[in-house]
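*Asks:* Add chain V to chain H, keeping to what the hints say.
Chains as they are written, first to last, in the working numbering: chain H, 3 to 332; chain V, 3 to 332.
Hints in this document: simulated from the structure, not taken from any laboratory. Take these hints with a grain of salt, some might be off.
Pairs count within a copy or across copies, as identical chains cannot be separated in the list.
Unchecked claim - Lysine to aspartate or glutamate pairs mimicking EDC-like chemistry, simulated, CA-CA at most 16 Å apart: (1) K191 - E272; (2) K191 - E275; (3) K319 - E297.
Chain by chain, the residues run as shown.
There are 2 protein chains.
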Amino acid sequence: MIITKATAIANSNTALVKYWGKQDEQLIIPMNNSISLTVDSLSTITTVDFSESYDEDLFILNKKIQSDTPKKRVQKHLDIIRNIANVELNANVVSENNFPTAAGLASSASGFAALTAAASSALGLNMNPKELSMLSRRGSGSSCRSFYSGFVEWIKSDDNNESYAIQLADENWFDIRDLVIVFKKHNRKYTTREAMKISKKTSPLYDARLEIVEDNLVKVRKAIKERDFSLLGQTAEADCLLMHSIALTSNPSQLFWTAETLGMIKFVQELREGGLESYYTIDTGTNMHILTKPEFSDEICAILRKIPYITNIIECKPGPGVQIIKDDLF
Amino acid sequence: MIITKATAIANSNTALVKYWGKQDEQLIIPMNNSISLTVDSLSTITTVDFSESYDEDLFILNKKIQSDTPKKRVQKHLDIIRNIANVELNANVVSENNFPTAAGLASSASGFAALTAAASSALGLNMNPKELSMLSRRGSGSSCRSFYSGFVEWIKSDDNNESYAIQLADENWFDIRDLVIVFKKHNRKYTTREAMKISKKTSPLYDARLEIVEDNLVKVRKAIKERDFSLLGQTAEADCLLMHSIALTSNPSQLFWTAETLGMIKFVQELREGGLESYYTIDTGTNMHILTKPEFSDEICAILRKIPYITNIIECKPGPGVQIIKDDLF
Numbered sequence: 003m004i005i006t007k008a009t010a011i012a013n014s015n016t017a018l019v020k021y022w023g024k025q026d027e028q029l030i031i032p033m034n035n036s037i038s039l040t041v042d043s044l045s046t047i048t049t050v051d052f053s054e055s056y057d058e059d060l061f062i063l064n065k066k067i068q069s070d071t072p073k074k075r076v077q078k079h080l081d082i083i084r085n086i087a088n089v090e091l092n093a094n095v096v097s098e099n100n101f102p103t104a105a106g107l108a109s110s111a112s113g114f115a116a117l118t119a120a121a122s123s124a125l126g127l128n129m130n131p132k133e134l135s136m137l138s139r140r141g142s143g144s145s146c147r148s149f150y151s152g153f154v155e156w157i158k159s160d161d162n163n164e165s166y167a168i169q170l171a172d173e174n175w176f177d178i179r180d181l182v183i184v185f186k187k188h189n190r191k192y193t194t195r196e197a198m199k200i201s202k203k204t205s206p207l208y209d210a211r212l213e214i215v216e217d218n219l220v221k222v223r224k225a226i227k228e229r230d231f232s233l234l235g236q237t238a239e240a241d242c243l244l245m246h247s248i249a250l251t252s253n254p255s256q257l258f259w260t261a262e263t264l265g266m267i268k269f270v271q272e273l274r275e276g277g278l279e280s281y282y283t284i285d286t287g288t289n290m291h292i293l294t295k296p297e298f299s300d301e302i303c304a305i306l307r308k309i310p311y312i313t314n315i316i317e318c319k320p321g322p323g324v325q326i327i328k329d330d331l332f
Numbered sequence: 003m004i005i006t007k008a009t010a011i012a013n014s015n016t017a018l019v020k021y022w023g024k025q026d027e028q029l030i031i032p033m034n035n036s037i038s039l040t041v042d043s044l045s046t047i048t049t050v051d052f053s054e055s056y057d058e059d060l061f062i063l064n065k066k067i068q069s070d071t072p073k074k075r076v077q078k079h080l081d082i083i084r085n086i087a088n089v090e091l092n093a094n095v096v097s098e099n100n101f102p103t104a105a106g107l108a109s110s111a112s113g114f115a116a117l118t119a120a121a122s123s124a125l126g127l128n129m130n131p132k133e134l135s136m137l138s139r140r141g142s143g144s145s146c147r148s149f150y151s152g153f154v155e156w157i158k159s160d161d162n163n164e165s166y167a168i169q170l171a172d173e174n175w176f177d178i179r180d181l182v183i184v185f186k187k188h189n190r191k192y193t194t195r196e197a198m199k200i201s202k203k204t205s206p207l208y209d210a211r212l213e214i215v216e217d218n219l220v221k222v223r224k225a226i227k228e229r230d231f232s233l234l235g236q237t238a239e240a241d242c243l244l245m246h247s248i249a250l251t252s253n254p255s256q257l258f259w260t261a262e263t264l265g266m267i268k269f270v271q272e273l274r275e276g277g278l279e280s281y282y283t284i285d286t287g288t289n290m291h292i293l294t295k296p297e298f299s300d301e302i303c304a305i306l307r308k309i310p311y312i313t314n315i316i317e318c319k320p321g322p323g324v325q326i327i328k329d330d331l332f
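Okay, chain H solo, but in the shape it has when bound:
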């Protein structure tokens, strides 16, 4: 009997220039390059255990057995990896997030990065980060950016074998803070995957966005290279509003904001006016990220803790890429 087991830990990443729409829905090749920051405090730890003993695949997330879509997405991804390794073993996948799932915190990014790393390691596939990012991309697009520490760009390409993540700068290059604000209420009508599909298909602004994103990519690369926090934050905030404008003008219109989001947008504007330079970025959940300088973080967190509709504030720094933390190969 062969037992192949591995555990990986992956961090989430926060998009500074957003991924919004695919040129290939099956292979998950994006319409535009995106840039993110891998963060140190939002992580998923996943153990994958392939064994002849399992009658079927099992996926346990945060101590709950998963079925339907979450399980199917994991199975589909395992199938790709099993196919590469040429094995047909079922797997037991045990995964834990240290943050709320499906609340717009990119749990699929850290989740699929950890799954890809653990499963490929468990099956003895000796892949480098570039290969892993390419493989992980097919489970969840943005997960490919979590294989590297610090600032990472996902290259679009027209070719399945050329769409992968590259590191722009490691976690020690440019110290910023990403304060992740978790709101009490959160609801979403569409998954991120559905939302971007609807946007690409229906927003009359979709193509115009692609050109503007090219400018944003140039600005964010420059901001990282020159450690220019203002340029980084301004561009990330503008890129976020650009993405949400595309979502708003989709049919049906997709509005991911709540009263709390509006409150925090105003709050960040006030922080800036008060000299605590900060910018926001919002994904498809109803929580948001405040990007700020390390020296302002404590003061901002102290104010945030007094806001009643905020459940949790997670202070993140630039963090490491995926790591295999245990290998049990028999």
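*Replies:* Relative to chain H, chain V alone:
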């Protein structure tokens, strides 16, 4: 001594395809055609009295003497009219809105339409609605659409003498309801005029919008012609979100929504899902318009009256154009 006095009443109009940015800031020639509904319940009544007895222009709005910007805008407009009439008399302008000023209800539209009609009548200028709309446009762009009843299009043109309003259908052609929702709180960081100027200058989506607006114009004209409420409402709502997307992606970003706006967006979506077909449109204030069919209006108003953050609901029908209601010529 010459005394020249006239009173005019003008209705506000609700944009179905929005005006957002000027190709000529001085002459107020818009970047795109716009279409509106002249409504019957939001009106301004203005008396203009030119006389040698006045040492200076006086502008009294809602029983308050105005100074600074509001007064200067009125004076500048009176100067244009005085210049045409070749008179140099000062004027006493007394104006009353039957709705809250500067709350995003288009008070400048009905205000400048009434001012233009009263002042030109007082000075004995015998102008037709086309000429009046062209003149009024220079005081407040959207006011030019209030000279006709029902559904009205403002033509852009490159020529000062060719940018005016035309009637698409009168107030009896197509009966719809515009429920104007006035919220308790309202604040604006920028005037509409400033906001559209910033958008035109800075939104990277501005040009893309202009192409999309052409489609919206075709759809709304068709919807009016065929009395197709669904097409009218869907296009008006999409056009509103398009305009707000341009505002959001401007620098600085312009967000005109409050928690109440988000609540009402959700409310209108629920009305639709519940079979009470309705659409929303939002201008730059923090109130909004619900467009619905006459048969749904009472039921929707009854629900709206129970919502605590709503101060007032004004039910509007397609209404008449500007009317001179009194002429005192000595």
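*Asks:* If a hint holds in the structure, say so; if it doesn't, say that too.
*Replies:* Hints and how they fare:
Proximity of K191 to E272 under the C-alpha cut-off of 16 Å is restricted to the inter-copy arrangement: shortest distance 13 Å between copies versus 30 Å within a copy. Taking the shortest alpha-carbon separations for K191 and E275, only the inter-copy value of 14 Å comes in at or below 16 Å, while the best intra-copy value is 34 Å. For a Cα distance limit of 16 Å, the shortest separation of K319 from E297 inside one copy, 12 Å, qualifies, whereas the shortest one across copies, 57 Å, does not.
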